[in-house]
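Student: Read off the chains here:
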Amino acid sequence: MKLLRWLFPHPILTILLTIVWLLLVNGYSLNSLLFGLFLGIVIPIITSPYWPDRPTLRNPRMIIEYTLIVLYDIVVANVVVARVILFKSNADQCPAWVSIPLDLRSPEAITVLAATITLTPGTVSADLSDHGHSLLVHCLDAPDPDAVRDEIKTRYERRLMEIFE
Amino acid sequence: MTTFLEFLMAAFLVISGIFGFVGSYGLIKLTNPMSRLHAPTKATTLGVGGVLIASIVHSLLSEGHLSLHELLITLFLFLTAPITANFIAKVHIHRHETRESLPRVGEDQDWATLATDAEIQSD
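So the protein lines, in turn, are chains A and B.
First residue of the first sequence: 1, per the numbering used here; consecutive thereafter.
First residue of the second sequence: 1, per the numbering used here; consecutive thereafter.
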């Protein structure tokens with residue numbers, strides 16, 4: 001058991017690295033699979049001292065659900081923002097800063113949340129408070145900033161809470 | 001089937017072209033620097049995504065094998081694009097925003113970008 005943990009300090013990273021290597025090679029021979037596995041085993045062992053408090057991911061079903069929701073939101077929000085850019089005059093837009101109080105505590109989870117907010121067009125995460133308890137978000141067009149905050153909290157943060165903590 | 005895939009490919013290319021154009025147009029049209037930041041984040045998501053899906057369909061069509069290389073480009077873009085945006089936003093906060101122009105922090109003392117600034121000055 002101890003040997004297994006030494007060999008695979010981060011099993012998900014091992015799988016991910018193998019898949020990334022296979023995609024880089026862009027072919028599916030046994031050769032590249034073995035070399036991908038080799039990289040997937042060696043790299044986590046070498047890097048594990050630099051990443052001591054890595055979070056354990058729970059709830060794989062929720063990870064899939066979260067990914068699908070984010071992809072869907074990216075498509076929808078792209079259309080919404082395209083409408084704002086093309087058809088709304090600059091004077092009619094109401095850009096707003098929103099402060100989002102965070103319940104998430106693990107740095108990895110906050111990173112994922114901030115990246116999600118930036119990737120869904122119309123919102124960009126700009127800054128974190130000094131102790132990491134709030135996130136500063138800029139909205140392109142938000143007549144109701146409180147609604148944006150509530151949506152981010154219920155739609156993304158609640159799911160990340162189930163995955164990370 | 002081939003014709004259908006060709007139509008699909010063309011549709012994705014056109015969609016990504018439109019979103020790439022809207023992103024670039026937004027960069028010119030919008031006035032506020034933070035609003036401008038929103039426009040390029042669009043080009044990286046749907047604009048690039050459309051081209052990549054079209055590329056997957058194309059390799060399926062003309063070379064007859066599934067090439068998923070493109071997924072990696074998506075992965076790397078999703079990793080790097082938020083960091084770029086965050087850095088530009090931080091520069092904007094340093095140069096154009098004050099404690100009063102930003103919303104209240106909540107339970108903490110200050111926004112991290114401004115707090116380090118204040119600490120440097122007090123040293």
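Be aware that a few hints might be false.
[Claimed, not checked] Only some residues are given here: those of chain A computed to face chain B with a beta carbon under 10 Å: (1) L24; (2) I64; (3) L68; (4) I69; (5) N90; (6) L104; (7) S106; (8) A114; (9) D127.
FYI, nobody ran anything at the bench for these hints, they're computed from the structure.
Ideal Cβ positions, reconstructed from N, Cα and C, are used throughout, including at glycine.
Student: Hints first: check each against the structure and report whether it holds.
Tutor: Checked hints:
| no. | hint | verdict |
| --- | --- | --- |
| 1 | L24 | 7 Å, holds |
| 2 | I64 | 16 Å, violated |
| 3 | L68 | 14 Å, violated |
| 4 | I69 | 15 Å, violated |
| 5 | N90 | 5 Å, holds |
| 6 | L104 | 14 Å, violated |
| 7 | S106 | 17 Å, violated |
| 8 | A114 | 6 Å, holds |
| 9 | D127 | 5 Å, holds |
Of the numbered hints given earlier, the model fails hints 2, 3, 4, 6, 7; all others are met.
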